[in-house]
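Taken in order, these protein sequences are the chains called A and B.
Numbering (numbering that gives the first Met the number 0) for the first sequence: 0 to 198.
Numbering (numbering that gives the first Met the number 0) for the second sequence: 0 to 176.
Errors might be hidden in some of the hints.
Stated by the list, open to error - The calculated label-pair distances, taken between Cβ atoms and stated as ranges, are:
id : chain 1 : residue 1 : chain 2 : residue 2 : range
1  : B       : Glu62     : A       : Ile14     : 15 to 23 Å
2  : B       : Gln47     : A       : Pro145    : 57 to 65 Å
3  : B       : Gly50     : A       : Thr175    : 17 to 25 Å
4  : A       : Glu129    : B       : Lys63     : 34 to 42 Å
5  : A       : Cys171    : B       : Gly23     : 25 to 33 Å
Everything labelled a hint here was simulated from the structure, so no lab data went into it.
For glycine and all other residues, C-beta sits at the position ideal for the given N, C-alpha and C.
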Amino acid sequence: MIALGIAHQMDADDILVLRFQNGERAAFEELVLRYRDRIFNYLRAMCGSDSEAEDLTQEAFIRAFVNAKSFRREASFHTWLYRIAYNGYLDGLRKQKRRPAISLDQPLSEDDETKIDLPDPGEGPEQHVERLELQSVLVDALQALPEKLRSVVILHDVHGYRYEEIAVVVKCPIGTVRSRLFHARQNLRRKLAGYFREA
Amino acid sequence: MNCQNITTLLSDYTDGRLAPKMDGAVRRHLQSCSACHSEAESLKDTVQLLGRFENRRLSPGFEKSLFERLDRLEPTKAKTAPASSWWGLSHSGLVSLHKPWRWAATAAALAAVGLASWQFYPGQTPPPAGAYISACVAAHESFTPDKVAPHVGVNTRPGSSSSDINPDVDVAFETTE
Numbered sequence: 000m001i002a003l004g005i006a007h008q009m010d011a012d013d014i015l016v017l018r019f020q021n022g023e024r025a026a027f028e029e030l031v032l033r034y035r036d037r038i039f040n041y042l043r044a045m046c047g048s049d050s051e052a053e054d055l056t057q058e059a060f061i062r063a064f065v066n067a068k069s070f071r072r073e074a075s076f077h078t079w080l081y082r083i084a085y086n087g088y089l090d091g092l093r094k095q096k097r098r099p100a101i102s103l104d105q106p107l108s109e110d111d112e113t114k115i116d117l118p119d120p121g122e123g124p125e126q127h128v129e130r131l132e133l134q135s136v137l138v139d140a141l142q143a144l145p146e147k148l149r150s151v152v153i154l155h156d157v158h159g160y161r162y163e164e165i166a167v168v169v170k171c172p173i174g175t176v177r178s179r180l181f182h183a184r185q186n187l188r189r190k191l192a193g194y195f196r197e198a
Numbered sequence: 000m001n002c003q004n005i006t007t008l009l010s011d012y013t014d015g016r017l018a019p020k021m022d023g024a025v026r027r028h029l030q031s032c033s034a035c036h037s038e039a040e041s042l043k044d045t046v047q048l049l050g051r052f053e054n055r056r057l058s059p060g061f062e063k064s065l066f067e068r069l070d071r072l073e074p075t076k077a078k079t080a081p082a083s084s085w086w087g088l089s090h091s092g093l094v095s096l097h098k099p100w101r102w103a104a105t106a107a108a109l110a111a112v113g114l115a116s117w118q119f120y121p122g123q124t125p126p127p128a129g130a131y132i133s134a135c136v137a138a139h140e141s142f143t144p145d146k147v148a149p150h151v152g153v154n155t156r157p158g159s160s161s162s163d164i165n166p167d168v169d170v171a172f173e174t175t176e
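Excised from the complex, chain B in its bound form:
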């Protein structure tokens, strides 16, 4: 085994990652070659110096600042209406009711359905459940939906979603390309 070969193995040798046979061969060479021995020692010293890279602590307000940002990221729990309506449906899936004007729009929609229902009274078939649902959806869609974008600058690869994030997928931090 010549010196050039030994040099390429010194990094693995320093880390103890060579197979026993190869490790022995390198050790024997180092015992007889002062140049390679010197290089091995300097490599070991380099690793030891890097191990002396000192750690520092973060500034005292780091957690507070971070947790405040996390608070802003957590989705607001929507204030939902009672779990079931007279059609046995939940409002929360159809209309976000935490804005006052949406209450008004929903009330107007209900009134419209109620008025339509009155036309069928007495003795007439009430409107189907779909009419109520459509009215609620129409009231909701008539307003620009809130855009809630976490202030992260997060961008995943095109076509992926947050559910695709895993260690095998590039966790792109922000769009740069």
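So that you can see chain A by itself, here it is in the shape it has in the complex:
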């Protein structure tokens, strides 16, 4: 899970942000390298499309770049960045009709096709197929959730964020985070029941 290592990076992020706020562009580029995969995978889980997630990731970093000087460290940098990414995703939802959820073995475009998983070393063909199928089911199950539930369960159960951090990202009280997480899990439990044996 992604949560491991987040606490360790807190102070290092503050230093990089300060350096960037003082005009050092390379500090911001370092922050990009640290968080690009996390933001991409969060957005990928949110929107169900690798190419759309990549576009949204780039826009999130641009937004952070433009507004970094006004970042006041009232929350951690990565929480602020996730918040920007989430808002960008919401804005994209408002602007365009959502595409239906895709399966990982049915790429929509050449770009998506390049991201098809290759078998892991030591993974047999049957295990590879089962793994891909599970990923497809997870994507579909998440996409079927209402956006408000989906964001919370992704941040908590996929990205390891605490309730307090999630409350900042999605801008709602902690009690609401807990409630949404409860309902999201209840919903997902029914959809994923056929795979519990493999858990």
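Given the coordinates of chain A, assemble chain B onto it according to the supplied hints.
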């Protein structure tokens, strides 16, 4: 504690967020109720499955593309004239001198001030500093200022500015309303 109550607590119980007393009560109920125990186990399995959501890497050209866009966003450092003029003022605050026609306009303005000054020579009081400043400002304002808008689609709430952006304020991405 009945099963309906237990169900509502299972999510917090799975995350270890219940107070010790409540946690104990739930655990005891689960030990004696097979239906709730089964639901708790399936909830735990759900969380474990979600933890297996695989991460992928971005495409190889992502950073290059992003950094090129950031390059275009960084403000061009204006080429300023020497730090002080004969009035002890800096040009950079008044006139953007990186366009050739602005050099011509500024020169014309200076010439106009110089001509006006000649009328007072000899023995007459030179024009005040404001005349020089006004001439430079007039030359600058006679041209349409460059509009530099970052290609971000950024929009903040009405009445706010970028300096108001912080985690407690909605970071609106683009205008949609």
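Hints, verified against the model:
1. At roughly 21 Å, the beta carbons of Glu62/B and Ile14/A sit within the given window of 15 to 23 Å.
2. At about 23 Å, the beta-carbon gap between Gln47/B and Pro145/A misses the expected band of 57 to 65 Å.
3. Evaluation of the 17 to 25 Å hint for Gly50/B and Thr175/A yields a pass: the beta carbon distance comes to about 23 Å.
4. Between Glu129/A and Lys63/B the C-beta distance comes to about 36 Å, which sits within the given range of 34 to 42 Å.
5. Here the CB-CB span from Cys171/A to Gly23/B is close to 30 Å, well matched to the stated 25 to 33 Å.
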